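Novice: Read off the chains here:
2 protein chains.
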Amino acid sequence: MSSENTLDDEDTFKILIATDIHLGYLEKDAIRGNDSYNTLDEILKCAKTNEVDFILLGGDLFHENKPSRRCLHNCITMLRKYCMGDTPIQFDIVSDQTVNFNTSKFPWVNYQDENLNISIPAFSIHGNHDDPTGAEGLCALDLLSASGLLNHFGHSQSVESIEISPILMQKGNTKLALFGLGSIPDERLYRMFVNNQVTMLRPKEDQDEWFNLFAIHQNRSKHGPTNYIPEQFLDDFLDLVVWGHEHECLITPSRNEQQLFYVIQPGSSVATSLSPGEATKKHIGLLRVKGRKMNLQKIPLKTVRQFFIQDVVLGDYPDLFTPDTPQVTKKVENLCYAKVTEMLEEAERERLGCPLTPEKPLIRLRVDYSGGFDTFHTSRFSQKFVERVANPKDIIHFLRRREQKEDNKGLTLANSAEGLRVEDLVKQYFAATEQTVQLSLLTEHGMGKALQEFVDKDEKDAIEELITYQLEKTQCHLQARAVTTEQDIDTEVRRFRDSKKNTTEEDNEIKEVSNDAHEPEPLSGLMCDTLDLDSDGGSGPSAAPTRGRGRGGRGRGAARIRPG
Amino acid sequence: MSSENTLDDEDTFKILIATDIHLGYLEKDAIRGNDSYNTLDEILKCAKTNEVDFILLGGDLFHENKPSRRCLHNCITMLRKYCMGDTPIQFDIVSDQTVNFNTSKFPWVNYQDENLNISIPAFSIHGNHDDPTGAEGLCALDLLSASGLLNHFGHSQSVESIEISPILMQKGNTKLALFGLGSIPDERLYRMFVNNQVTMLRPKEDQDEWFNLFAIHQNRSKHGPTNYIPEQFLDDFLDLVVWGHEHECLITPSRNEQQLFYVIQPGSSVATSLSPGEATKKHIGLLRVKGRKMNLQKIPLKTVRQFFIQDVVLGDYPDLFTPDTPQVTKKVENLCYAKVTEMLEEAERERLGCPLTPEKPLIRLRVDYSGGFDTFHTSRFSQKFVERVANPKDIIHFLRRREQKEDNKGLTLANSAEGLRVEDLVKQYFAATEQTVQLSLLTEHGMGKALQEFVDKDEKDAIEELITYQLEKTQCHLQARAVTTEQDIDTEVRRFRDSKKNTTEEDNEIKEVSNDAHEPEPLSGLMCDTLDLDSDGGSGPSAAPTRGRGRGGRGRGAARIRPG
Chain A
13 MSSENTLDDE
23 DTFKILIATD
33 IHLGYLEKDA
43 IRGNDSYNTL
53 DEILKCAKTN
63 EVDFILLGGD
73 LFHENKPSRR
83 CLHNCITMLR
93 KYCMGDTPIQ
103 FDIVSDQTVN
113 FNTSKFPWVN
123 YQDENLNISI
133 PAFSIHGNHD
143 DPTGAEGLCA
153 LDLLSASGLL
163 NHFGHSQSVE
173 SIEISPILMQ
183 KGNTKLALFG
193 LGSIPDERLY
203 RMFVNNQVTM
213 LRPKEDQDEW
223 FNLFAIHQNR
233 SKHGPTNYIP
243 EQFLDDFLDL
253 VVWGHEHECL
263 ITPSRNEQQL
273 FYVIQPGSSV
283 ATSLSPGEAT
293 KKHIGLLRVK
303 GRKMNLQKIP
313 LKTVRQFFIQ
323 DVVLGDYPDL
333 FTPDTPQVTK
343 KVENLCYAKV
353 TEMLEEAERE
363 RLGCPLTPEK
373 PLIRLRVDYS
383 GGFDTFHTSR
393 FSQKFVERVA
403 NPKDIIHFLR
413 RREQKEDNKG
423 LTLANSAEGL
433 RVEDLVKQYF
443 AATEQTVQLS
453 LLTEHGMGKA
463 LQEFVDKDEK
473 DAIEELITYQ
483 LEKTQCHLQA
493 RAVTTEQDID
503 TEVRRFRDSK
513 KNTTEEDNEI
523 KEVSNDAHEP
533 EPLSGLMCDT
543 LDLDSDGGSG
553 PSAAPTRGRG
563 RGGRGRGAAR
573 IRPG
Chain B
13 MSSENTLDDE
23 DTFKILIATD
33 IHLGYLEKDA
43 IRGNDSYNTL
53 DEILKCAKTN
63 EVDFILLGGD
73 LFHENKPSRR
83 CLHNCITMLR
93 KYCMGDTPIQ
103 FDIVSDQTVN
113 FNTSKFPWVN
123 YQDENLNISI
133 PAFSIHGNHD
143 DPTGAEGLCA
153 LDLLSASGLL
163 NHFGHSQSVE
173 SIEISPILMQ
183 KGNTKLALFG
193 LGSIPDERLY
203 RMFVNNQVTM
213 LRPKEDQDEW
223 FNLFAIHQNR
233 SKHGPTNYIP
243 EQFLDDFLDL
253 VVWGHEHECL
263 ITPSRNEQQL
273 FYVIQPGSSV
283 ATSLSPGEAT
293 KKHIGLLRVK
303 GRKMNLQKIP
313 LKTVRQFFIQ
323 DVVLGDYPDL
333 FTPDTPQVTK
343 KVENLCYAKV
353 TEMLEEAERE
363 RLGCPLTPEK
373 PLIRLRVDYS
383 GGFDTFHTSR
393 FSQKFVERVA
403 NPKDIIHFLR
413 RREQKEDNKG
423 LTLANSAEGL
433 RVEDLVKQYF
443 AATEQTVQLS
453 LLTEHGMGKA
463 LQEFVDKDEK
473 DAIEELITYQ
483 LEKTQCHLQA
493 RAVTTEQDID
503 TEVRRFRDSK
513 KNTTEEDNEI
523 KEVSNDAHEP
533 EPLSGLMCDT
543 LDLDSDGGSG
553 PSAAPTRGRG
563 RGGRGRGAAR
573 IRPG
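Protein sequence lines correspond, in order, to chains A and B.
Read in order, the letters of the first sequence are residues 13 to 576 in our numbering.
Read in order, the letters of the second sequence are residues 13 to 576 in our numbering.
Simulated from the structure, these hints should not be mistaken for lab results.
On a predicted model such as this, the values are computed, not experimentally measured, just so you know.
Keep in mind that the hints are not guaranteed to be accurate.
Straight-line distance between alpha carbons at most 16 Å, and here's what the computed EDC-like set of lysine to aspartate or glutamate pairs gives [claimed, not checked]:
| # | chain 1 | residue 1 | chain 2 | residue 2 |
| --- | --- | --- | --- | --- |
| 1 | B | 78 | A | 76 |
| 2 | A | 78 | B | 76 |
| 3 | B | 93 | A | 125 |
| 4 | B | 117 | A | 53 |
| 5 | B | 40 | A | 148 |
| 6 | A | 40 | B | 148 |
| 7 | A | 117 | B | 53 |
DEER-style ranges, computed between Cβ atoms [said to hold, decoys possible]:
| # | chain 1 | residue 1 | chain 2 | residue 2 | range |
| --- | --- | --- | --- | --- | --- |
| 8 | A | 77 | B | 209 | 39 to 45 Å |
| 9 | B | 119 | A | 199 | 46 to 52 Å |
| 10 | A | 218 | B | 45 | 44 to 50 Å |
| 11 | A | 114 | B | 149 | 34 to 40 Å |
| 12 | A | 61 | B | 405 | 55 to 61 Å |
A short list of chain A residues far from chain B (calculated; beta carbon distances all over 12 Å) [unchecked claim]:
| # | residue |
| --- | --- |
| 13 | 54 |
| 14 | 114 |
| 15 | 168 |
| 16 | 172 |
| 17 | 216 |
| 18 | 307 |
| 19 | 313 |
| 20 | 322 |
| 21 | 330 |
| 22 | 340 |
| 23 | 341 |
C-beta atoms are modelled at their ideal positions from N, C-alpha and C, and glycine is treated no differently.
Bound-form chain A, shown alone (with noise of 0.2 Å):
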């Protein structure tokens, strides 16, 4: 441990967390091909640079469920690269591995392996994109853990229930409960966690010594009334959720007041989609914890491609123009190029003395037309860009929002922004209108299906042009509501955003937490689920604990359960 950081000492945890990676994302891309390898060794290297006893990953390492070879090749050479050598584990694991890693051929941890020389282990739970597939419940992540290059963790096997048993730390005096849980159907885990189907379990002895640590890939925000996970299901003996899944980058500790524990949610480390939460600077958390107190250092990630965002509303510029002033599209054109440069030089600015940024930043202007306004030619508005913008067919995105008022008597949609998801919106907007229509051309089965995909890849604000698009191919008379449904999308999609956008930019963000704030207060009549503590110490794949229920602290009972 470095000497100079006070904070380091033999009783302390260091942990760098990340997640989201996305390995693989548009590695076809001519520019951005690289974005997303540069970005994973730069937080590999980050990680050994400080020395941390291990990577915790919160899903999506990988971007899409098969990766290609060359991505599975990069991952593997990384991983090689910096988590293996000869700087020895200073912690131990003290639960039944076996439980822990149970799905894999070689059930311990991979800096125990007497054949492998780990450095640095990694821990990883599997998110949406790189969730376990086929007959065999194989990931990704699961050929990494084979070749004993990561440790993946928290894949619960069974749909009738789930039983979390965390992995049991020790560094010094420290005791680090580490719990996992991969990416489900949120609407399944919520369904499950009602049911009173998820059991955390807990150590039996010195209940209160452990710093509970749980990582998580699923919808935080609500995208409908049961397609998101509420903090309030998560258990409150729990000390910090590490949120993964989310993409924008909210890595500062956010306490729940009602469940007293803190939620970081560190964001992807590669923008995914053109919106304004993957616009947030991109982070990476170094996470020390000593006895139940913790740290949160963020940590900016230097490799991330620039990204800016920025609105326009034609109908903002009166004196300016109007649909009827004489060349008017050409003037719009002129307004968006200058907007345009404004925000390259803007990135610019920003990217002085750091060699490591990419030249070429992505740019998306968003551009309101309602009132009449006409939209130009992209194409040749793009090739302006070619040689500046890592993006250049798409910085233009138009679109219209200033209607939404006039036109929203037309929709069924009345409580739209309350509680449902952009997907159920699309969906009642075209059970609506297929009454008077036939739409011939897309059956709604079909639809799901593509918006599914696009809300899995969490594009959200891609669903606008798909929307677009499939109007397009409807009957003409049906444009003005379908301008409606995107105003309300839009703005279903903004509220999310913004309602997390209260973050700070410190780059040291301290946070504590209060032992006080964790004191069991039993409640009767809950079942109680504990976990026994190996003694062994963890030298080796130790023995396997003994689970109990009903004895000391307190569980999670479905009467606390508060849907947002």
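Place chain B on chain A using the hints.
Specialist: Below, chain B without anything else, positioned relative to chain A:
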């Protein structure tokens, strides 16, 4: 080393040799799905039991270029299980490993990696099934190499010229030069040999002390004028050639009297077609090399599914029935039933005392129904053997061979058996018939591609079926001629098979390479490529060798090329 075997001493290399394991072949088949996995397990276990110094694989470890996740996972798991451990490695590598493993990010043999504990290093060239693809030129083996589980060598990246630089190994006083060349399209490699673009580098010093072993994965059978590699193309300084790609097990060393080297053709360890060559009992080899003497021990594989193939010519039973016999079809079916039952009984007898051998054998009965007989419905027939045969659906294969001579005049394939491969035969046939009939249903290009796929998979007998299928789609009056084509192709394929059938089945065949046989005979006027020895002794990635030309020994010259 086992003390019982007096052959095994500190100067003796013990090498387990296998090829064409075709991992993942038919992995989705309910009966045969695990065959390839079980046999890899047996092979690796055998390597461990025999305490070999290393494993040498001759290509096509994987059946699919992009193996499934299950396939990769199984392979990784088995390699980690059998090839990692504490057993010390008894030989050194003295060549420049950055050259030997030039396509790897970790260009050194896995057992010298300080972060990996390798007990049995495995070396493999790639085959045509697992060959490198994509801009990065990566193949599935490279994932294993990157993980440190295998040493992929013999990957020539240039299409202009090939330089084969051996891995120079030393164990006690024995010096072994391991040359390898991963699969290259036969016609291209043939041309490169003819154009003198293939060079084998040799150690500069003590040139005659090296045992020269070469692994190659190409057509050995003459599939066409330039669609194979004549043994005569290979350098005569070689001592032993391990020939992959050909699936028939001809592992007993056969001496090439012209080049004065031996060739072993281990054959595949799983039958990927129901052709006679695959019915030969499958073996792997345990090669011992001491000084320049070698010994090849054949090891029969126990997990390989039995395969019996038999021919029946209906016209050979005139006393039993003729095409006009009442209920002849039923009688033919009964005859076939008896033949299959006979083969099943033979299989059962053979399997006695072999608990590792799968219960249901592969059975193929080729029924020549020429002379006016009809075929019967095989679906009903298959049903009877569903519980006893691994391939119930394709036991019976109808063909008409007898009519060859009578119909031959209708074809332009005068010289068909002399040096044309099956694809060429078919192309010629269609070229001839196209003059009178418009083949609207199939372009030649499309067919060529389809055929190529079959041929690439070594399923040469499947071509008969393909042709039949294609012809059914064309005009009826082509039928008679098509049958003749089938006939010719079959003859051709059989000729190849038969020519290789003079194998004996002893399990312990010992051959010795006499030093005299390889006494250097300087040929004036020939270039000679030599390679410096690295004097370091190979305790790590070793220093770069220098490369000399024109000194001592003898190289391969165009003058010696005698295309067969």
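Novice: Is 34 to 40 Å right for how far apart the beta carbons of residue 114 of chain A and residue 149 of chain B are?
Specialist: With a Cβ separation near 38 Å, residue 114 of chain A and residue 149 of chain B satisfy 34 to 40 Å, so the hint holds.
Novice: Given the hinted pair residue 117 of chain A and residue 53 of chain B, is their alpha-carbon gap at most 16 Å?
Specialist: Answer holds: residue 117 of chain A to residue 53 of chain B is near 15 Å, not above 16 Å.
Novice: Please confirm whether residue 172 of chain A is truly not at the interface, meaning its C-beta sits more than 12 Å away from all C-beta atoms of chain B.
Specialist: Holds, since 24 Å exceeds 12 Å.
Novice: Holds or violated: residue 78 of chain B and residue 76 of chain A, Cα atoms, limit 16 Å.
Specialist: holds, 15 Å
Novice: Over 12 Å to the closest beta carbon of chain B is the bar; see if residue 341 of chain A clears it.
Specialist: Holds, since 41 Å exceeds 12 Å.
Novice: Does the Cβ distance between residue 61 of chain A and residue 405 of chain B fall inside 55 to 61 Å?
Specialist: For residue 405 of chain B against residue 61 of chain A, whose Cβ atoms are near 60 Å apart, the range 55 to 61 Å holds.
Novice: Check whether the Cα positions of residue 40 of chain A and residue 148 of chain B lie no farther apart than 16 Å.
Specialist: holds, 12 Å
Novice: Just want to verify: residue 168 of chain A was marked as not at the interface with chain B; is every Cβ pair farther apart than 12 Å?
Specialist: Correct as stated: the minimum Cβ-Cβ distance to chain B is 19 Å, above 12 Å.
Novice: Between the beta carbons of residue 218 of chain A and residue 45 of chain B, is the distance compatible with 44 to 50 Å?
Specialist: Given range 44 to 50 Å: holds, Cβ gap about 48 Å.
Novice: Against chain B, does residue 313 of chain A keep a CB gap of more than 12 Å to every residue?
Specialist: holds, 23 Å
Novice: Measuring Cβ to Cβ, find out whether residue 307 of chain A lies farther than 12 Å from everything in chain B.
Specialist: holds, 31 Å
Novice: Does residue 93 of chain B pair with residue 125 of chain A here, judged by a C-alpha cut-off of 16 Å?
Specialist: holds, 12 Å
In this structure, every one of the numbered hints holds.
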